[in-house]
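Trainee: Sequence:
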Amino acid sequence: MNLAGSEPSVAVAAALLGACVGSFLNVVAWRLPRGESVVWPPSHCPRCSTRLLWFDNLPVLGWLLLRGSCRHCGGGIALRYPLVELLTAGLWVAITLARPAAMGPQAAPFALILAGWLLVSWLMPLVLIDLDHLWLPEPLCRIGLILGLIVTAALGWSQGDGAGRALLVDHLLAAGIGLLGFELVSNLAEQLMGRPALGLGDAKLAALLGAWLGLAGLGAAVVLAVFGGALVGGIGRLSGRLGRHQPFPFGPFLAAGGIAVWLSGPALWLQRLGLVG
1 MNLAGSEPSV AVAAALLGAC VGSFLNVVAW RLPRGESVVW PPSHCPRCST
51 RLLWFDNLPV LGWLLLRGSC RHCGGGIALR YPLVELLTAG LWVAITLARP
101 AAMGPQAAPF ALILAGWLLV SWLMPLVLID LDHLWLPEPL CRIGLILGLI
151 VTAALGWSQG DGAGRALLVD HLLAAGIGLL GFELVSNLAE QLMGRPALGL
201 GDAKLAALLG AWLGLAGLGA AVVLAVFGGA LVGGIGRLSG RLGRHQPFPF
251 GPFLAAGGIA VWLSGPALWL QRLGLVG
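Heads up, the sequence shown is in the working numbering, so the first residue is 1 and it goes up one at a time.
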C-alpha cells in the first residue's frame, strides 16, 4: 500500500515536518564540530549572539522574511540554511512516495517511511559537516550504524523469524564489509600514492550504509558514489576549481548513493549504469 497515493495529506505533512527537521539539522551541523550543545542555548545569531524570535526560525519562510540577514546586527544568513530545509523536505516527500526494498518485501509501509526519514535525517548533518570540515564524526556514524541494525532487526522479524535472521545477517555482513573494505582500499591507495586517498570516516559511513541497505544496496551505493565522485572531481580539476592533489569530501557522494538506493533499490541503478543486464 502506498500511503502517499491514498492520502496526499501524508506527503504534505512529510514536507512540513521535513523542513522543520532540516532546520534542526542545520543547527547540528553548525554546533557539533564546535563542541556545542545542539539543544541549548536556543537558536541565535552566530555573529551578535542575539536570540532569534520564534518566527525567525520558521523553515525557509523565516529566512525570506529576514531577507537573509540578522534583524539585529545585519549579519548575513547563509543561503545554505533554507536550501537544506528545502532539500530535507523534498527527501522526506520522496521517501513517503517510495517503495524501498532494503528492509524486505513485506515490511509495513508506514514503518518503512519512518525508517527512511530517520536515515535521511541522520545522513544530512554528516554530509554538511564533511563538506565544511572534511570530517565525518565517528559518534554519528557509530550510532547511525547501530540504529540501522535495530531498524533492520525490527522490520525483519516483523516479516517472520526466517526473514528477520536472513535480513539481519545480510546487513551485518554489509556493515563489516563496508568498514573493512574501505579501510583496506584506503591503506592500499596510501601505500601506492604516498598520501591518504580516503578518510577513515568514509569507512565508517560505508559501514553505516551497509547496516541500512544490506550487501546489494551497499554495493550499488558505492558504485554510484564512485561514479559521482569521479565526475565531480574530474570537472573540478579540469576547471581549475580543484588542485591536483586537493582533497574533497567523498562522504556526500556515499550518502547520496545510499539515499538513491533506498528510494529505488539497487537493481535499477546497476541497470542504468550498465553493470547488470
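Worth flagging that the hints you see were computed from the coordinates, not collected in a lab. Worth double-checking, as some hints may not be accurate.
To be verified - Pairwise CB distance ranges (calculated):
no., residue 1, residue 2, range
1, ALA166, SER239, 14 to 24 Å
2, VAL39, SER239, 19 to 29 Å
3, GLY90, LEU180, 27 to 37 Å
4, ASP161, HIS245, 47 to 57 Å
5, ARG47, GLY176, 37 to 47 Å
6, LEU192, PRO105, 41 to 51 Å
7, LEU16, GLY162, 35 to 45 Å
8, GLY234, TRP54, 43 to 53 Å
9, VAL39, ALA78, 34 to 44 Å
10, GLY236, GLY162, 14 to 24 Å
Cβ atoms here follow ideal geometry from the backbone N, Cα and C, with glycine treated the same way.
Trainee: Does each hint fit the structure? Answer for all of them.
Mentor: Verification of the supplied hints:
1. ALA166 with SER239: 14 to 24 Å: 47 Å Cβ-Cβ, so the 14 to 24 Å window is violated.
2. VAL39 with SER239: 19 to 29 Å: Between VAL39 and SER239, where Cβ atoms are some 41 Å apart, the hint is violated.
3. GLY90 with LEU180: 27 to 37 Å: holds (34 Å)
4. ASP161 with HIS245: 47 to 57 Å: holds (52 Å)
5. ARG47 with GLY176: 37 to 47 Å: Roughly 45 Å apart at Cβ, these two residues keep to the hinted range, so it holds.
6. LEU192 with PRO105: 41 to 51 Å: holds (42 Å)
7. LEU16 with GLY162: 35 to 45 Å: holds (39 Å)
8. GLY234 with TRP54: 43 to 53 Å: holds (46 Å)
9. VAL39 with ALA78: 34 to 44 Å: Cβ of VAL39 to Cβ of ALA78: about 21 Å, so the range 34 to 44 Å is violated.
10. GLY236 with GLY162: 14 to 24 Å: Taking Cβ atoms as reference, GLY236 and GLY162 lie about 48 Å apart, which means the hint is violated.
Hints 1, 2, 9 and 10 from the list above are not met by this structure, while the remaining hints are.
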